[in-house]
Amino acid sequence: QVQLKESGPGLVQPSQTLSLTCTVSGFSLTSYNVHWVRQPPGKGLEWMGRMRYNGDTSYNSALKSRLSISRDTSKNQVFLKMNSLQTDDTGTYYCTRVPIYWGQGVMVTVSS
Amino acid sequence: DIQMTQSPASLSASLEEIVTITCQASQDIGNYLSWYQQKPGKSPQLLIHSATSLADGVPSRFSGSRSGTQYSLKINRLQVEDTGIYYCLQHYSAPLTFGSGTKLEIK
Chain D
1 QVQLKESGPG LVQPSQTLSL TCTVSGFSLT SYNVHWVRQP PGKGLEWMGR MRYNGDTSYN
61 SALKSRLSIS RDTSKNQVFL KMNSLQTDDT GTYYCTRVPI YWGQGVMVTV SS
Chain R
113 DIQMTQSPAS LSASLEEIVT ITCQASQDIG NYLSWYQQKP GKSPQLLIHS ATSLADGVPS
173 RFSGSRSGTQ YSLKINRLQV EDTGIYYCLQ HYSAPLTFGS GTKLEIK
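Heads up: the protein sequence lines correspond to chains D and R, in order. 1 is the number of the first residue of the first sequence in the numbering used here; add one for each residue after it. 113 is the number of the first residue of the second sequence in the numbering used here; add one for each residue after it.
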């Protein structure tokens, strides 16, 4: 069955780079888009960007200068890297194969 | 960017009542509209996709409708387990955009 699972560090220091991995199973990254969505504590959902099935990427314009999404199709993994982290980047980060399948999310805290 | 204006921001209703949440898209998004329920500490769970199609395993008291660029989620016969925050999502074009959420409570 289709599954997505996020992994990465729970704590990142301010100004550092966040690196997250989304490992998928049950489908091919060359057939479906995978998106990253985040949610600050107690707030709404924010789309961050996507890796398209053909390898193209799209980003939220508010994050574009700090964000990079890539993939390794041989490992069924999609990667998120975001630099210059600040405290308001704290939240839960999800990968999702919109609209149906979502990962469980990974909580990231930006703090020294 | 496509804006999704969701209302109301919060809602308190009684058991067995009918509630409706709406999302207004700033431009045509066709049927690329989904509705989610989110409970604390959990991922969003899909309720409705393609504007009107009930997701697998979702109770039939949930339904979606569309009138032009206005989309509605209707919950018939509200149950205790329906508490949570509800979001709409347009995935017609990037950047994908969510509604701001509706917090549903039971009176």
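Accuracy of the hints is not assured; some may be wrong.
What the hints assert, rightly or not - Label-pair ranges, simulated between beta-carbon atoms: (1) R:Asn188 / D:Arg66: 29 to 35 Å; (2) R:Asp168 / D:Leu11: 41 to 47 Å; (3) R:Gly180 / D:Asp88: 34 to 40 Å; (4) R:Ser119 / D:Pro41: 21 to 27 Å; (5) R:Thr164 / D:Pro41: 30 to 36 Å; (6) R:Gly180 / D:Ser74: 41 to 47 Å; (7) D:Thr87 / R:Glu129: 30 to 36 Å; (8) D:Gln13 / R:Lys154: 25 to 31 Å; (9) D:Leu11 / R:Ser162: 18 to 24 Å; (10) D:Ser28 / R:Thr164: 24 to 30 Å.
Said to hold, decoys possible - Sample of chain D residues with no beta-carbon within 10 Å of chain R, all distances over it, derived: (11) Leu11; (12) Ser15; (13) Gln16; (14) Thr23; (15) Thr30; (16) Glu46; (17) Arg50; (18) Ser58; (19) Asn60; (20) Ser61; (21) Ser74; (22) Asn83; (23) Pro99; (24) Trp102; (25) Gln104.
As the list claims (entries may be wrong) - Pulled a few chain R residues facing chain D out of the computed Cβ check, cut under 10 Å: (26) Pro120; (27) Lys151; (28) Gly153; (29) Ser162; (30) Thr164.
These are calculated hints, taken from the structure and not from any lab test. Beta carbons: idealized from backbone N, C-alpha and C, even for Gly.
* That 41 to 47 Å hint for aspartate 168 of chain R and leucine 11 of chain D (C-beta), does it hold up? -> violated (37 Å)
* Take a quick look at serine 58 of chain D and tell me if its Cβ sits farther than 10 Å from every Cβ on chain R, holds or violated. => Its Cβ does come within 10 Å of chain R, the nearest being 4 Å, so this is violated.
* Take a quick look at arginine 50 of chain D and tell me if its Cβ sits farther than 10 Å from every Cβ on chain R, holds or violated. => violated (7 Å)
* Asked: Taking the closest pair, is the beta carbon of proline 99 of chain D still more than 10 Å from chain R?
  -> About 4 Å separates proline 99 of chain D from the closest Cβ of chain R, which leaves it inside 10 Å; violated.
* **glycine 180 of chain R versus serine 74 of chain D beta-carbon gap, inside 41 to 47 Å or not** => Since glycine 180 of chain R and serine 74 of chain D have Cβ atoms about 45 Å apart, the given range 41 to 47 Å holds.
* Non-interface claim for threonine 30 of chain D versus chain R (Cβ beyond 10 Å) -> holds (19 Å)
* Against chain D, run the beta carbon of serine 162 of chain R and see if the smallest gap drops under 10 Å. => holds (8 Å)
* Restraint outcome when threonine 164 of chain R is required to lie within 10 Å of chain D by C-beta distance -> Interface hint status for threonine 164 of chain R: violated (13 Å vs cutoff 10 Å).
* Asked: At the C-beta level, are leucine 11 of chain D and serine 162 of chain R separated by a distance inside 18 to 24 Å?
  -> Between leucine 11 of chain D and serine 162 of chain R, where Cβ atoms are some 39 Å apart, the hint is violated.
* **Outcome for the supplied range 21 to 27 Å, where the beta carbon pair is serine 119 of chain R and proline 41 of chain D** => holds (23 Å)
* Is the Cβ of serine 61 of chain D farther than 10 Å from every Cβ of chain R? -> Answer for serine 61 of chain D: violated, closest chain R Cβ roughly 7 Å.
* Asked: Can the hint on glycine 153 of chain R be confirmed by a CB-to-CB distance to chain D that is less than 10 Å?
  -> holds (9 Å)
In this structure, the earlier hints numbered 1, 2, 7, 9, 16, 17, 18, 19, 20, 23, 24, 25, 26, 27 and 30 are contradicted, and the remaining ones agree with it.
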